[in-house]
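In order, the protein sequences belong to chains U and H.
Each residue of the first sequence is one higher than the one before, counting from 5 in the working numbering.
Each residue of the second sequence is one higher than the one before, counting from 23 in the working numbering.
One thing to keep in mind: the hints can contain errors.
Calculated from the model, a selection of chain U residues having no Cβ within reach of chain H, i.e. all distances over 12 Å [claimed, not checked]: (1) Pro83; (2) Lys84; (3) Lys263; (4) Glu285; (5) Lys301; (6) Asp318; (7) Tyr332; (8) Leu336; (9) Glu352; (10) Gln359; (11) Ala416; (12) Arg441.
Label pairs and their calculated CB-CB ranges [said to hold, decoys possible]: (13) U:Asp373 to H:Asp453: 44 to 50 Å; (14) H:Glu241 to U:Gln432: 31 to 37 Å; (15) H:Lys322 to U:Gly287: 58 to 64 Å.
Below, a list of computed lysine-lysine pairs in the DSS-like style, where the Cα atoms sit at most 25 Å apart [stated by the list, open to error]: (16) U:Lys446 to H:Lys311; (17) U:Lys69 to U:Lys400; (18) H:Lys322 to H:Lys309; (19) H:Lys307 to H:Lys231; (20) H:Lys63 to U:Lys446; (21) U:Lys459 to H:Lys330; (22) H:Lys309 to H:Lys237; (23) H:Lys63 to U:Lys366; (24) U:Lys366 to H:Lys103; (25) H:Lys455 to H:Lys366; (26) H:Lys231 to H:Lys242; (27) H:Lys465 to U:Lys366; (28) H:Lys307 to U:Lys366; (29) H:Lys330 to H:Lys311; (30) U:Lys242 to U:Lys263; (31) H:Lys330 to U:Lys366; (32) H:Lys322 to U:Lys451; (33) U:Lys453 to H:Lys465; (34) U:Lys445 to H:Lys324; (35) U:Lys289 to H:Lys103; (36) H:Lys366 to H:Lys311; (37) U:Lys175 to U:Lys451; (38) H:Lys468 to H:Lys457; (39) H:Lys462 to U:Lys445; (40) H:Lys330 to U:Lys443.
Note that these hints are calculated values from the structure, not bench results.
Backbone N, C-alpha and C fix where the C-beta goes; we use that ideal spot for every residue, glycine too.
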Amino acid sequence: MKTPMLTSIKLVACAALLAMPASVLAGPSKSPAVAAEPSPVILIQNATILTVSHGTIERGSILIKDGKIAEVGASVKAPKDAQVIDAAGQFVMPGIIDCHSHIAVDGNVNEGSVSVSSMVNIADVLNPDDIDIYRDLAGGVTVANVLHGSANAIGGQTIVIKLRWGQPASKLPFEGALPGIKFALGENPKRSNFSRGTPRYPATRMGVEETIRGAFSEARDYKAVWDQYNKRVAAGEKNLIPPRHDLRLDPLVEVLEGKRYVHSHCYREDEILMLLRVAKEFGFKVRTFQHVLEGYKVADEIAASGAGASTFSDWWAYKVEAYEAIPYNAALMTRRGVIVSVNSDDAEEATHLNQEAAKTIKFGGLSHDEALKLVTLNPAIQLGIDKRVGSIDPGKDADLVIYNHDPLSAYAVVQKTLIDGRVYFDRQRDIADRPAREKEKKALLEKEKKAGEKKTESGEAAKKPGEKKPEEKKPEEKKPEEKPKPPQADAVFGGAR
Amino acid sequence: MKLPTLPLRVLYFLCLLTIIYFPQITSAQDASPTYAITHAKIFTLSGATIDDGTLVIQNGKISNVGAAVDVPAGAQVIDGKGLQVYPGLFDPITQMGLREIGAVNATVDSSEVGAFNPDVVAADAVLPSSEHIPVTRAAGITEVLAVPASGGMDSGGATGILGGQASAIHMSGWTISDMLLKKSVAMVLNWPEIQTQTFDFSTFSRKQKSYSDAKQEYEKQVNELTDWLDRARHYAQALGHGSPGDFQRDLQLEALVPVTRGEMPVLVMADKARDIRNAVEFCDKQKLKMILAGGAEAYKVKDLLRSKSIPVILGPTLTLPHEEDDPYDRLLTQPAELLAAGVKLAFGSFDNSFSRRLGQQAANAVAYGLPYDEALKAVTLYPAEIFGLADQVGTLESGKIANVIVTNGDPLELTTEVRYLFIKGQLTSLDNKQKALYEKYLKRPKS
């Protein structure tokens with residue numbers, strides 16, 4: 005082991021696949037999610053229901069039909085054929101929505117070669133086999149805002165997904181959710197903590213602002229050309245040559261037209277206000293400020309702009325712009341009228357976002373419901389999907405998590421996670437399946453070993469003994485710009501955080 | 023307890039502080055005043071929990087604890103009704119005071135260059151005014167080990183092999199001498215791995231190595247380490263047989279002598295089963311006293327660890343499993359599994375800014391099967407025992423250093439507040455940079 009931190013930097017899913025083909029086959033069961041099956045009628049009963057929108061119902065029931073919440077209340081009449089989940093002594097809350105995630109991405113999350121990388125799209129590289137989807141599902145996460153990295157002032161396009169483990173990539177996107185684009189301010193886009201290669205513009209916060217202004221200035225001109233073309237076509241002009249499409253500017257035009265959300269990574273108070281000024285100048289909205297660790301200093305301005313704030317619970321000091329981060333940030337911004345969420349930016353952190361939300365009760369005195377909202381209804385509002393998810397109300401998607409204790413306790417463990425009324429994670433089933441998975445893995449390894457021996461025998465690729473041992477696959481493969489673990493990885497790599 | 027509005031809550035807290043701080047300020051220059059915490063639920067961790075008890079602190083030590091204990095004359099009384107008293111939490115692996123801001127090299131002193139630095143000692147570079155100390159303290163952590171070469175990106179990716187000596191420090195003090203619990207408690211040994219893939223920080227690229235080359239590199243490192251220990255033994259022999267004037271002093275070998283004698287434990291950083299096995303075999307052969315740190319795959323070698331009585335500092339446990347096909351809760355169920363196998367364990371944050379998650383780490387292990395009492399001891403008594411400090415800290419017993427916390431509930435739970443905190447018998451401030459910023463911006467006029 006070199007350092008615990010380094011070893012915690014994860015493999016990209018595809019690299020792990022190459023190292024050991026058996027692993028995915030031996031992974032958690034994907035059986036629950038057969039796409040074509042109609043979703044069953046389910047009754048969850050005897051549960052403490054944390055609706056988030058209208059208080060807590062003791063010993064209540066939830067009826068699920070066609071993937072939606074049909075009824076919620078103290079007494080609910082269910083059809084006879086309903087599948088019953090008895091949740092006596094357990095707690096049900098809305099599925100957790102992670103407003104800043106990098107799971108399910110095949111490869112690097114950063115196209116870091118240019119300062120405006122709006123032409124690339126995370127939606128094009130969704131990997132439904134990423135094991136982190138399942139792990140986060142097991143932590144109660146049902147929806148994730150999958151973002152590009154923070155290496156560029158204007159980064160790549162982003163997408164909201166549901167964690168439908170077992171479904172193909174085409175079934176992951178959250179239907180109807182507006183796509184987004186990642187912006188980034190401060191140390192990461194100006195590459196403060198990087199020593200590699202030749203310097204890249206911008207290298208200052210001034211330059212970050214000009215990069216964004218420059219791009220939007222171009223986008224505005226580009227849009228004008230298209231607008232004029234469309235107008236002339238509409239007026240009946242014939243034989244016009246359409247303007248050439250610009251893949252870099254098209255998403256920015258969508259931003260100007262309100263068809264694409266801006267999710268901007270930021271830390272310092274000054275850069276938050278800077279982006280608000282630029283947005284005003286060009287007439288677009290900032291949908292969320294991400295991380296926004298100094299958001300508490302300019303909470304009124306954020307609230308007035310209508311932007312949301314999506315922050316960490318208690319990360320700090322991994323770089324200069326995180327040195328005045330405070331765990332009271334979420335509570336302070338909430339008190340000033342900002343819609344606040346607590347996010348993960350990390351596949352592991354996402355497995356206990358309920359706990360991270362709970363910390364705001366201690367740091368800033370939020371109520372139980374306010375704390376729950378930080379990882380449910382508020383991120384739903386921020387992503388424009390609150391009519392569909394974020395609370396337990398009739399008509400909403402049946403995205404639910406069942407815990408054995410109050411989810412705002414460090415002792416709570418997820419028992420089941422449902423998406424669209426289907427059980428996608430079941431702790432008891434996961435545990436029961438383990439011996440079979442272990443057996444399957446052993447058999448596959450044995451098969452692989454035998455195949456290797458045969459090859460050696462046939463004189464092909466004579467390898468030293470031990471070389472084919474499964475232990476040899478290296479979890480330490482360092483993939484620097486990839487999902488770093490708190491706190492210092494980002495500081496050095498400027499990855500996603 | 024729920025208070026209606028935020029300002030009221032803060033006001034309440036400020037009032038509380040004023041009451042507490044007044045006596046502290048007036049007596050700062052004197053020997054510690056006498057304190058009595060009365061009518062509190064006291065979790066001694068050395069014996070039964072006392073439901074309604076009194077704990078007396080005198081001259082920096084716990085002088086008395088029990089159900090029927092008299093309050094000494096002149097003692098400052100803290101009414102502990104409805105409150106709970108515990109030993110302060112002990113984080114056994116941090117870079118406290120050695121690293122302020124991870125990305126700023128100028129503020130990072132946690133890892134030396136070179137592979138063998140047995141003579142460097144954490145205490146020599148601990149910054150007593152580090153902002154991390156009061157922030158962490160507010161979470162109820164009263165003592166930590168500052169451990170060189172123990173993690174973080176500050177090392178430039180290379181932590182060396184013998185990383186230096188860890189120091190046990192109290193989480194308060196004007197100077198390092200105020201803070202020292204014990205200067206040298208363990209020698210850091212980053213166990214070399216057989217690495218077929220390495221990351222070159224100078225070119226920022228990955229490099230592939232063949233297994234045989236990697237194995238050769240590994241063996242070379244282990245041979246070097248063996249050579250260092252051999253030389254230290256010869257040095258010790260020479261020391262024992264000649265006058266000090268007869269040979270040249272070697273500070274590095276001198277630092278290794280207590281390690282070769284088994285007087286100072288080696289804190290072996292290793293995660294993978296193969297590395298742990300190799301390290302155990304090595305330490306056994308060299309007769310070194312081994313403490314394992316990290317231990318992500320310790321469960322695979324639990325019987326070996328038990329049979330050799332090697333304790334484990336687990337951490338950071340809020341980490342995803344190493345292997346893609348491991349059960350999703352692999353690192354969460356491990357503590358219970360190790361305990362059941364008879365392995366002694368403690369939790370460590372392996373960090374500064376996440377040190378305050380120590381209680382959360384322990385509580386999460388309880389959620390996945392670790393008995394609560396064991397979890398509590400794994401962040402108090404057990405780290406003290408593992409590093410030979412249990413005669414001084416770790417429980418609430420007469421004669422021990424008064425590192426004590428008074429809380430409104432379970433100290434491992436996320437929402438519990440620390441109300442009073444004592445370090446070396448001094449009532450110590452729970453204020454910190456973060457709270458100050460909070461209070462400052464709470465008062466920002468509406469714009």
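How the hints compare with the structure:
With a least CB separation of 34 Å from chain H, Pro83 of chain U remains clear of the 12 Å interface cut-off, as annotated. The beta carbon of Lys84 of chain U sits about 35 Å from the closest Cβ of chain H, which is more than 12 Å, so the claim that it is off the interface holds. The non-interface label for Lys263 of chain U is consistent with chain H: the shortest C-beta to C-beta separation is roughly 31 Å, beyond 12 Å. At the 12 Å boundary, the C-beta of Glu285 of chain U stays outside the reach of chain H, the nearest C-beta of that chain being 20 Å off.
Separation of Lys301 of chain U from chain H is inadequate, the least Cβ-Cβ distance of about 6 Å not exceeding the 12 Å criterion. The Cβ of Asp318 of chain U does not lie farther than 12 Å from every Cβ of chain H; its closest approach is about 7 Å, which violates its non-interface assignment. Its beta-carbon lying about 4 Å from the closest one in chain H, Tyr332 of chain U breaks the requirement of being farther than 12 Å from that chain. Against chain H, the non-interface label of Leu336 of chain U is violated: not every CB pair exceeds 12 Å, the least being about 6 Å.
A Cβ of chain H approaches the Cβ of Glu352 of chain U within 12 Å, the least distance being about 5 Å, so the stated non-interface status is violated. Listed as outside the interface, Gln359 of chain U is inconsistent with that label: its C-beta sits roughly 6 Å from the nearest C-beta of chain H, within the 12 Å cut-off. Separation of Ala416 of chain U from chain H is inadequate, the least Cβ-Cβ distance of about 7 Å not exceeding the 12 Å criterion. Not every beta carbon of chain H lies more than 12 Å from that of Arg441 of chain U, the smallest distance being close to 7 Å; the non-interface claim is violated.
Checked against the given bound of 44 to 50 Å, the beta carbons of Asp373 of chain U and Asp453 of chain H, roughly 29 Å apart, lie outside it. A C-beta distance of roughly 46 Å is found between Glu241 of chain H and Gln432 of chain U, which places it outside the suggested range of 31 to 37 Å. At roughly 59 Å, the beta carbons of Lys322 of chain H and Gly287 of chain U sit within the given window of 58 to 64 Å. Restraint check for Lys446 of chain U and Lys311 of chain H: not satisfied, since their Cα atoms lie roughly 36 Å apart, outside the 25 Å limit.
A distance of roughly 11 Å separates the Cα atoms of Lys69 of chain U and Lys400 of chain U; the hinted pair therefore holds under the 25 Å criterion. Among the hinted pairs, Lys322 of chain H with Lys309 of chain H is consistent with the structure: their alpha-carbon atoms are about 23 Å apart, no more than 25 Å. For the hint pairing Lys307 of chain H with Lys231 of chain H, the CA-to-CA distance comes to about 29 Å; that exceeds 25 Å, so the pair is violated. For the hint linking Lys63 of chain H to Lys446 of chain U, the alpha-carbon distance of about 52 Å lies beyond 25 Å, and the restraint is violated.
For the proposed pair Lys459 of chain U and Lys330 of chain H, the alpha carbon gap of about 41 Å is over 25 Å, so the pair is violated. At most 25 Å may separate the alpha-carbon atoms for a hinted pair to count; Lys309 of chain H and Lys237 of chain H meet this at roughly 24 Å. Between Lys63 of chain H and Lys366 of chain U, the direct Cα distance comes to roughly 21 Å. Compliance with the 25 Å bound is thereby established for this hinted pair. Taking the CA atoms of Lys366 of chain U and Lys103 of chain H, the gap is about 21 Å. The hint holds against a cut of 25 Å.
Distance check on the hinted pair: Lys455 of chain H and Lys366 of chain H sit about 36 Å apart at the alpha-carbon level, beyond 25 Å; violated. A hinted pair counts as satisfied when its Cα atoms are at most 25 Å apart, and Lys231 of chain H with Lys242 of chain H qualifies at roughly 15 Å. Distance restraint check for Lys465 of chain H and Lys366 of chain U: the Cα-Cα separation of roughly 19 Å lies within the 25 Å cut-off, and the hinted pair is therefore satisfied. Taking the CA atoms of Lys307 of chain H and Lys366 of chain U, the gap is near 50 Å; set against the 25 Å cutoff, the hint is violated.
Taking the CA atoms of Lys330 of chain H and Lys311 of chain H, the gap is near 10 Å; set against the 25 Å cutoff, the hint holds. Of the supplied pair hints, the one linking Lys242 of chain U and Lys263 of chain U is violated, its CA atoms being roughly 29 Å apart against a limit of 25 Å. Distance restraint check for Lys330 of chain H and Lys366 of chain U: the Cα-Cα separation of roughly 42 Å exceeds the 25 Å cut-off, and the hinted pair is therefore not satisfied. As the CA atoms of Lys322 of chain H and Lys451 of chain U are separated by approximately 23 Å, the hinted pair is consistent with the 25 Å bound.
A hinted pair counts as satisfied when its Cα atoms are at most 25 Å apart, and Lys453 of chain U with Lys465 of chain H does not qualify at roughly 67 Å. As the CA atoms of Lys445 of chain U and Lys324 of chain H are separated by approximately 22 Å, the hinted pair is consistent with the 25 Å bound. For the suggested pair Lys289 of chain U and Lys103 of chain H, the alpha carbons sit about 52 Å apart, so the restraint of at most 25 Å is broken. Between Lys366 of chain H and Lys311 of chain H, the direct Cα distance comes to roughly 14 Å. Compliance with the 25 Å bound is thereby established for this hinted pair.
Between Lys175 of chain U and Lys451 of chain U, the direct Cα distance comes to roughly 33 Å. Violation of the 25 Å bound is thereby established for this hinted pair. Straight-line distance between C-alpha atoms of Lys468 of chain H and Lys457 of chain H comes to about 20 Å, which keeps the hinted pair within the 25 Å bound. Proximity of Lys462 of chain H to Lys445 of chain U is assessed by CA-CA distance (about 57 Å); at most 25 Å being required, the pair is judged violated. Annotation: proposed proximity of Lys330 of chain H to Lys443 of chain U is violated, straight-line Cα distance about 30 Å (limit 25 Å).
Of the hints listed earlier, those the structure fails to meet are numbers 5, 6, 7, 8, 9, 10, 11, 12, 13, 14, 16, 19, 20, 21, 25, 28, 30, 31, 33, 35, 37, 39 and 40, in rising order.
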